[in-house]
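This is what each chain is made of:
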Amino acid sequence: MGKLIALHSYKGGTGKSYLSVNLATIYALQGKKVCLLDLDFRAPTLQVVFEPKGLKCFLNSVLEGTISVRDCLLDCSDKLENKGKLYVGFADFSTEAIREMVTKGKKWEIEALQRIYKMRKELLDDMKFDIVLVDTSPGIQYLSINAVVASDVAVVVSTLDDADIMGTSKMLKELYETFEKETAIVINKAIGGAEWADPDKNKVVEDLQNKYKEAVIGILPCFCEVGRLKRGDLFVLQNPKHPFTEMLRVIAAKLDLF
Amino acid sequence: MKRRPLIATHRKVFITMGRYLCLVIEVFDTKTERSLMSKTEIDTNALSKMEKEFSSMRIYLEQVLTLQKEILEKLAKETEKRIDEEEDGSSEGGLSGGISVAVLLKLPDHLRKTMIALSKLIEGRADEVANITGRARAIESGYLNQLVRLGYVKKVRRKHQIYFAVESGA
Chain L
1 MGKLIALHSY KGGTGKSYLS VNLATIYALQ GKKVCLLDLD FRAPTLQVVF
51 EPKGLKCFLN SVLEGTISVR DCLLDCSDKL ENKGKLYVGF ADFSTEAIRE
101 MVTKGKKWEI EALQRIYKMR KELLDDMKFD IVLVDTSPGI QYLSINAVVA
151 SDVAVVVSTL DDADIMGTSK MLKELYETFE KETAIVINKA IGGAEWADPD
201 KNKVVEDLQN KYKEAVIGIL PCFCEVGRLK RGDLFVLQNP KHPFTEMLRV
251 IAAKLDLF
Chain R
1001 MKRRPLIATH RKVFITMGRY LCLVIEVFDT KTERSLMSKT EIDTNALSKM
1051 EKEFSSMRIY LEQVLTLQKE ILEKLAKETE KRIDEEEDGS SEGGLSGGIS
1101 VAVLLKLPDH LRKTMIALSK LIEGRADEVA NITGRARAIE SGYLNQLVRL
1151 GYVKKVRRKH QIYFAVESGA
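Order-wise, the sequence lines are chains L and R. Position 233 of the first sequence, counting from 1, maps to 233 under this note's numbering, and the rest follow consecutively. Position 104 of the second sequence, counting from 1, maps to 1104 under this note's numbering, and the rest follow consecutively.
Looking at chain L on its own, in the form it has when it is part of the complex (with noise of 0.2 Å):
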């Protein structure tokens, strides 16, 4: 039985389109069947990875209950050279669309929930993906709580900024908590994080894990190869040896201990 998990975040800008994008690559790299999908309609990113030539069916037809999600998804396993087995969904990532989405009403958004149910079940009893990986958009809206509702486990990304810590805890706390939601914390572009001498980084961790009470399963530092290199080019397929490839490695081991 495969795993639905949902990368959430309470700020924008945490990095959760390039680590679930990354993390995908290393799954698939891994031999497992995986499926990346774009529900964050509001701003979707996957496109300028992936960059889907005719592509004329996306998420946002899924959701309005008027494709199958299996029409909907594009073979990319040619972006990993043929070395694994990727699929994605897109966001429609035209003006128009996303206007659309934001005016969306509460009515549709509610019916969403069961259409994302239908999807998951779609795609891992009936399509038999090992993993299916959810970008979403950031904060407490509805698409994205219905996301992580319907998630086995969910990642939440966060820096380390005090606005982002402080807003992550209250979401866990009031949301996440109350769903009884499997939850990881992944801390991205933590800065000097590379320098750091192992104790230094257990104390973060501690002090994070007190505050989150929740696990922390990476820190990820910044480093400034990670955002030279164009989103195009994955970069845990173009630097596999690099520490921070290492390191989605491992926060990829722990979520599949969940």
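There may be inaccurate statements among the hints.
To be verified - Quick list of in silico lysine to any residue cross-link-like pairs, SDA-like style, CA-CA up to 25 Å:
#1 LYS128/L / GLY1134/R
#2 LYS170/L / LYS1106/R
#3 LYS3/L / ASP1127/R
Said to hold, decoys possible - These stretches of chain L come out as covered by chain R in the derived footprint (C-beta under 8 Å, 3 or more residues):
#4 112–120
#5 140–146
#6 176–185
If you're looking for bench data, these hints aren't it; they were derived computationally from the structure. Quick caveat, the model's predicted, so the values are computed rather than measured. For each residue, glycine too, the CB sits at the ideal point set by N, CA and C.
Chain L is fixed; fit chain R onto it per the hints.
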């Protein structure tokens, strides 16, 4: 709603109208020469009184109009809000039936766990739900029946087995 001020102003209008009618009768009586006052005296007095009553009536009627306008505006806003809520499904009625985050948050913890497990299955038996929640089948069966009574879940009988399914949206 400003119902009380409106009633009070209406009352004032009626009182003024009554006084005005009394004056009309007085003038009418003058014409039938039953009044003790001289004709000129009555004409001047009555006309000035009538004018005074008219102006107060006008003020009161303007107040009535303003209050009625305010009430109508408020009613229109309320109606608009209700329509929006019904369209959005954010009203209480819109939340009944079908699963949503709002419904899940409303449920007590034990039922929420069952509801989430059943949602993952879309349709399933009590033992399948119990497998996900890690609780006993009998307990899950009880919780699922509670959810049926609340209207969030429906029961489907297949041969000798009972399946539970999440109610589709309202």
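Verification of the hints:
1. LYS128/L / GLY1134/R: Holds, at about 24 Å.
2. LYS170/L / LYS1106/R: Roughly 19 Å between the alpha carbons, so the hint for LYS170/L and LYS1106/R holds.
3. LYS3/L / ASP1127/R: holds (21 Å)
4. 112–120: holds (count 5)
5. 140–146: holds (count 3)
6. 176–185: holds (count 3)
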